[in-house]
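K.L.:
Sequence:
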Amino acid sequence: MLLSLFSSSVTNCALISSLLLTPRRTSPASPFFLRKVITRAISFCITTSTMSVNLQAHAFAGNPLRSTIPKPGDPFSPSSALETLRSRLMESTSSNQLISPSFQVLPFRKGRPLASSVDGDGGDASEPNWHLGWIGLADCRGYLAKSGVELTAESLVFLGFMPDEDVVYWAIDVSSENSLVPELGGKRLCFVELRTLMVAADWTDDRAMADLAIAGHARALLEWHKLSRFCGSCGANTVPAEAGRRKQCSNETCKARVYPRIDPVVIMLVIDKENDRVLLSRQSRFVPRMWSCLAGFIEPGESLEEAVRRETFEEAGIEVGEVVYHSSQPWPVGPNSMPCQLMVGFFAYAKTLEINVDKTELEDAEWHSREEVQKALSLAEYKKAHTTAAAKVEQMCKGVEKGQSLSADFNVESGELAPMFFPGPFAIAHHLISSWVNGKSTIGVGGRQPSTSLSNL
Numbered sequence: 001m002l003l004s005l006f007s008s009s010v011t012n013c014a015l016i017s018s019l020l021l022t023p024r025r026t027s028p029a030s031p032f033f034l035r036k037v038i039t040r041a042i043s044f045c046i047t048t049s050t051m052s053v054n055l056q057a058h059a060f061a062g063n064p065l066r067s068t069i070p071k072p073g074d075p076f077s078p079s080s081a082l083e084t085l086r087s088r089l090m091e092s093t094s095s096n097q098l099i100s101p102s103f104q105v106l107p108f109r110k111g112r113p114l115a116s117s118v119d120g121d122g123g124d125a126s127e128p129n130w131h132l133g134w135i136g137l138a139d140c141r142g143y144l145a146k147s148g149v150e151l152t153a154e155s156l157v158f159l160g161f162m163p164d165e166d167v168v169y170w171a172i173d174v175s176s177e178n179s180l181v182p183e184l185g186g187k188r189l190c191f192v193e194l195r196t197l198m199v200a201a202d203w204t205d206d207r208a209m210a211d212l213a214i215a216g217h218a219r220a221l222l223e224w225h226k227l228s229r230f231c232g233s234c235g236a237n238t239v240p241a242e243a244g245r246r247k248q249c250s251n252e253t254c255k256a257r258v259y260p261r262i263d264p265v266v267i268m269l270v271i272d273k274e275n276d277r278v279l280l281s282r283q284s285r286f287v288p289r290m291w292s293c294l295a296g297f298i299e300p301g302e303s304l305e306e307a308v309r310r311e312t313f314e315e316a317g318i319e320v321g322e323v324v325y326h327s328s329q330p331w332p333v334g335p336n337s338m339p340c341q342l343m344v345g346f347f348a349y350a351k352t353l354e355i356n357v358d359k360t361e362l363e364d365a366e367w368h369s370r371e372e373v374q375k376a377l378s379l380a381e382y383k384k385a386h387t388t389a390a391a392k393v394e395q396m397c398k399g400v401e402k403g404q405s406l407s408a409d410f411n412v413e414s415g416e417l418a419p420m421f422f423p424g425p426f427a428i429a430h431h432l433i434s435s436w437v438n439g440k441s442t443i444g445v446g447g448r449q450p451s452t453s454l455s456n457l
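Numbering (our numbering), first residue to last: 1 to 457.
One should not assume that every hint holds.
Said to hold, decoys possible - Using 27 Å as the maximum straight-line C-alpha spacing, the simulated BS3-like pairs for lysine-lysine come out as follows:
1. K226 <-> K146
2. K110 <-> K226
3. K110 <-> K146
4. K398 <-> K110
5. K375 <-> K440
6. K384 <-> K398
7. K187 <-> K398
8. K440 <-> K351
9. K440 <-> K383
10. K351 <-> K273
11. K273 <-> K359
12. K273 <-> K398
13. K255 <-> K226
14. K187 <-> K146
15. K383 <-> K398
16. K398 <-> K146
17. K273 <-> K375
18. K187 <-> K273
By construction, these hints were calculated from the structure, which means they are not laboratory data.
With the sequences and hints as input, model every part of the structure.
P.N.:
Following this line, the structure appears as structure tokens:
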């Protein structure tokens, strides 16, 4: 069953252009998910040649951590947790081990979360899975002290807490602390490229998928902090506020508030309803044979539907009529200048069919039949790419594998080359295409969104 679950690991990597495989091992001290994990329902709809994956949340969505509204005496609100953190850091490292709530910290280095690799459930088909490398507050302070760095409350970013757990979770950027790499490597922990973890993630592993969402959220916040060091109004330094959930200008005459940035992107599968085919495109940065949906950033003063129609016409010369919402996906693995994009997915129904490609935007765009798309979704290479990524994560956590090559990881072929493949199930493009192949894109009477839409994702 897992074969088509990862039916496009190869593909999304192309979309991502540079993919490094690095793993991670679970920290024994981490109580994360010991009592409760979120339930992600995964259902499989098997057709003659392809399998659709229906999930409750896309990759990077479904974050199980929660943040509460500040209330007097609530130990889990950002403000209360920050005050507790400050007092905890003033105490000795041994006196706060069992105090409630406990604090767990996720270190990041150059945008890569600390991770560990763990073996599968057993059996010949089992594969190594990865989990985040949470470390206790005292351990985090100890590691930094060995590098001559003092851990401060301002260096930590509040991530939230798990319902029914007496734990508060934080993230910290340790990019400048090179000595931590061998120190943590001795414990089979490794800083891993988030895109690599995305490809290596097992969709049937609840904890891995929840960890992926947490890591994406944490990375987006930390990268935003790097980009917002100065006030856009007066140029003064900004300082963290509300436990790192926002920033504020340090200039007393300005005091401008700065909030995390999100860049919305429309991504659409253009459908020729009469001829039962879809428009797929290639960008020059894609790996060979990879095709995907059209996509583009939303312009100021523009609605989502207007952006779908404008981008489709600008890039492919196709006029679009009805636009149907599918689902959305946070995407914290885009360019560093955009800490978190929000991919908003649509089905777009073509009014004209003649393609006129803008070569400054696309390398090519073509109509593809349902049969062609269905065949591309059923390739065995996807599963092989996932297996390769998971194995490399394990080897890197063990200190065996030092690096990885994008071409080596995703040029996994068997037999004759397939004419095309798509981004994997970790990308919304895969689900747009898969939904159409499995008949879940039909517009209802009067243009209403159909009940079969996957908007519950």
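K.L.:
For each hint given before, does the structure comply? Return the numbers of the non-compliant ones in rising order.
P.N.:
Structure breaks hints 12 and 18.
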